[in-house]
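Taken in sequence, the protein lines are chains A and B. Just so we're aligned, residue 81 is where the first sequence starts under this note's numbering, counting upward by one. Just so we're aligned, residue 8 is where the second sequence starts under this note's numbering, counting upward by one.
Treat the hints as calculated values from the structure; they're not laboratory data. There could be a bad hint or two in this list.
[Unchecked claim] Lysine to aspartate or glutamate pairs mimicking DMTMM-like chemistry, simulated, CA-CA at most 20 Å apart:
| # | chain 1 | residue 1 | chain 2 | residue 2 |
| --- | --- | --- | --- | --- |
| 1 | A | Lys352 | B | Asp214 |
| 2 | A | Lys262 | A | Glu321 |
| 3 | A | Lys271 | A | Glu321 |
| 4 | A | Lys109 | A | Glu266 |
| 5 | B | Lys50 | A | Glu340 |
| 6 | A | Lys93 | B | Asp277 |
| 7 | A | Lys122 | A | Glu266 |
| 8 | A | Lys291 | A | Glu321 |
| 9 | A | Lys323 | A | Glu347 |
| 10 | B | Lys9 | B | Glu192 |
| 11 | B | Lys10 | B | Glu196 |
| 12 | B | Lys262 | B | Glu192 |
| 13 | B | Lys10 | B | Glu194 |
| 14 | A | Lys93 | B | Asp242 |
| 15 | B | Lys328 | B | Asp264 |
| 16 | B | Lys9 | B | Glu272 |
| 17 | B | Lys211 | A | Asp304 |
| 18 | A | Lys303 | A | Glu333 |
| 19 | B | Lys328 | B | Glu280 |
| 20 | A | Lys93 | B | Asp214 |
| 21 | A | Lys303 | A | Glu321 |
| 22 | B | Lys328 | B | Glu256 |
| 23 | A | Lys122 | B | Glu185 |
| 24 | A | Lys109 | A | Asp142 |
| 25 | A | Lys352 | B | Glu45 |
| 26 | A | Lys122 | A | Asp142 |
| 27 | B | Lys50 | A | Glu347 |
What you are looking at is a predicted structure, and each value in this text was computed from that prediction instead of being measured.
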Amino acid sequence: MSFDYEKYLRPGKLPHIWCPGCGHGIILKGLIRAIDKCRLAKNRTAIVSGIGCASRLPGYVDFNTVHTAHGRAAAFATGMKLADPELTVICVGGDGDGVAIGGNHFIHACRRNIDLTYIIMNNNIYGMTGGQFSPCTPTGAFASTTPYGNPDPVFDIARLAIGAGATFVARTTAYHALQIDKLITEGILHKGMAIIEVVDGCPTSYGRRNKFKSPSDMMTWLKDAAIPVEKTEGMSEKDLEGKIVTGILHRDETRPEYCEQYALLRERAQRKEG
Amino acid sequence: MKKVALIQGNEACAQAAIYAGCRFFAGYPITPSSEIAEVLSRKLPEIGGTFIQMEDEIGAMAAVIGASLCGLKAMDATSGPGLSLKQELIGYACMAEIPCVLVNVMRGGPSTGMPTGPSQSDIMATRWGTHGDHATIAVAPASCQEIFSETVRAFNLAETYRLPVHILMDEIIAHMREKIVFPEEGELEVLNRAEPTVPPAAYKPFDASFGDVPPLAAMGSNYRYHVTGLNKAEDGFPTTKAALVDAEERRQLRKVDVAAVAKNEEYLLDDAEFVIVSFGVVSRSARFAINQLRNRGIRAGMLRPITLWPFPAQRVAEVAKNARAVIVPEMNLGQMIGEVERAVCGACPTRSILRVDGEPITPQQIIDEVEEVQHVL
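Chain A with its partners taken away, still in its complex shape (with noise of 0.2 Å):
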């Protein structure tokens, strides 16, 4: 029996706004599936987005659903999570608005190893507003705003994630389906902050301007320049250049959550006060 999708999709909020080739439909559909096989209860699940392509996704699930401003979908979901710790709080969007404008609270958030679980859908671009370069664009990549090649040096998400304290770090791309739930369905299960970087493709507004002539072009990419990252022992930097690493990259069961910190903290306050 196949999957059903509309159980968990909102009747009349599709067809949906993204782009034919774009893969943040995969990654929807990775998303749903994961979170039927942790078996959420859709009032107690809260998904929460920025502001972009991707932060569009919580419009069309049926879950409480929240889209923020640019950037801020990590603050928003710290404060939800903190005043309802049981809530099972998803946070969804793209590069741009998630280590952007929106780096501040992503890496703060990572600090904190608060219990959300953030996909961050890496298309290399702000697509949403025509295409200009985010910093997850290659260097050297034409953009709207790049005519004369990109000057930027790219942000690794998942060494970011990792180097501000996040205990799971995952990655993946839109060609990777049947991963896509599998490590959004572990980053769910984590008890602490988990990101799930998704590579994805933009045909539309990246694809178009840097020799990619399809979108299944852009698939193709995907596919070959990713490598699991048990295949990556002994490889050298310049080795993994261009190379997207797969799979989990870090976890770490040792460190506390805040929201149970947090928890005990309460504790010693209400024994001082009694």
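Starting from the known structure of chain A, fit chain B onto it as the hints suggest.
Chain B in isolation, oriented as in the chain A frame:
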């Protein structure tokens, strides 16, 4: 016996927030408001609440809105530079109609200004700082006792109207210590947001058939819904349909009952020829000046807006009819005077007393101005 204490304005604000049912505070350190965060970092966990110091001012506002969406009464406190940073999310709370309270202990500006100096220069930033059309409620207490009662009222207004409500203080009243008598439980009215009673499938977060302030469900309860900062229809989903956008925008502006929200103190106003319109710390100098002027036989009086926004334009217009002049002392370079002039509408002359050097407006400045006006007119 009632509990009496000598406490600072900021501490009165923090204590009042707890009285009002606030159980979540997110903030970022900023002078001269930091004591509010310090007090709540101690008190909130003692009563099962939550305090979080966020990574920046914007994050603090975001966390407050998120916590309120999950059903908690929530507050943030800042000063001018923080207000500037929070403006986008103040607009978000207006658009998504999420109650919360934002304290702004005003200091000078623009930019970093004078962090330890008093000011009243955020009047217009409070009203118009966030982009787009929106309703604004701001309360402006003038004493520690009033900081307590107005903080409680600010929460009530936020919950009643599903709006971010501003508490405008200044460095002097925030750091001043005065005797306050703590109200007993139940003595001050404490209001909570209206929650939906319809079956979950029928719930629409902006359903105007329930009035201009529709009930708000807590996320995580039995009601599931969508929230966005985009123009939305009554089901909460974005729309670009002209009629729906227009109806929602107008409802959001209309929902604040100006008469019900209005609160002024009128001091010796009945026979006043010289009407002083002032609020916050300046009103304390004005009261002293009025007493001195009355001793000299000059009939001066004061209209003190306690609800600063919506501005009490109608009342200003009424008192201007019998006045020889309306005088507006304010610690900025002319903000409230514009509202006063618009209300007076030429019924009598208006005069400004402006000060932005980090020192308070003194009673003598007000006395001098009234005496000068008296001779000129």
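How the hints compare with the structure:
1. Lys352/A with Asp214/B: Given pair Lys352/A, Asp214/B is violated - Cα atoms ~46 Å apart, limit 20 Å.
2. Lys262/A with Glu321/A: 26 Å, violated
3. Lys271/A with Glu321/A: 32 Å, violated
4. Lys109/A with Glu266/A: 16 Å, holds
5. Lys50/B with Glu340/A: Within the cut-off at roughly 19 Å; holds.
6. Lys93/A with Asp277/B: Since the Cα atoms of Lys93/A and Asp277/B sit roughly 60 Å apart, the hinted pair is violated (cutoff 20 Å).
7. Lys122/A with Glu266/A: With Cα atoms ~19 Å apart, Lys122/A and Glu266/A stay inside 20 Å; holds.
8. Lys291/A with Glu321/A: At roughly 19 Å apart (the allowed maximum being 20 Å), Glu321/A and Lys291/A satisfy the hint.
9. Lys323/A with Glu347/A: 48 Å, violated
10. Lys9/B with Glu192/B: Holds. Lys9/B to Glu192/B sits at ~11 Å (cutoff 20 Å).
11. Lys10/B with Glu196/B: At roughly 18 Å apart (the allowed maximum being 20 Å), Glu196/B and Lys10/B satisfy the hint.
12. Lys262/B with Glu192/B: 29 Å, violated
13. Lys10/B with Glu194/B: 13 Å, holds
14. Lys93/A with Asp242/B: Satisfied, since the Cα-Cα distance of roughly 12 Å is no more than 20 Å.
15. Lys328/B with Asp264/B: 25 Å, violated
16. Lys9/B with Glu272/B: The hint is violated at about 25 Å.
17. Lys211/B with Asp304/A: 47 Å, violated
18. Lys303/A with Glu333/A: This hinted pair is violated, its Cα atoms lying about 31 Å apart.
19. Lys328/B with Glu280/B: Cα-Cα ~10 Å, so holds.
20. Lys93/A with Asp214/B: OK: Lys93/A and Asp214/B at ~19 Å, within 20 Å.
21. Lys303/A with Glu321/A: Holds, because 15 Å separates the two Cα atoms, which is no more than 20 Å.
22. Lys328/B with Glu256/B: The hint is violated at about 34 Å.
23. Lys122/A with Glu185/B: Violated - the C-alpha atoms of Glu185/B and Lys122/A are around 51 Å apart, more than 20 Å.
24. Lys109/A with Asp142/A: With Cα atoms ~13 Å apart, Lys109/A and Asp142/A stay inside 20 Å; holds.
25. Lys352/A with Glu45/B: Roughly 17 Å between the alpha carbons, so the hint for Lys352/A and Glu45/B holds.
26. Lys122/A with Asp142/A: Holds, at about 7 Å.
27. Lys50/B with Glu347/A: This hinted pair holds, its Cα atoms lying about 13 Å apart.
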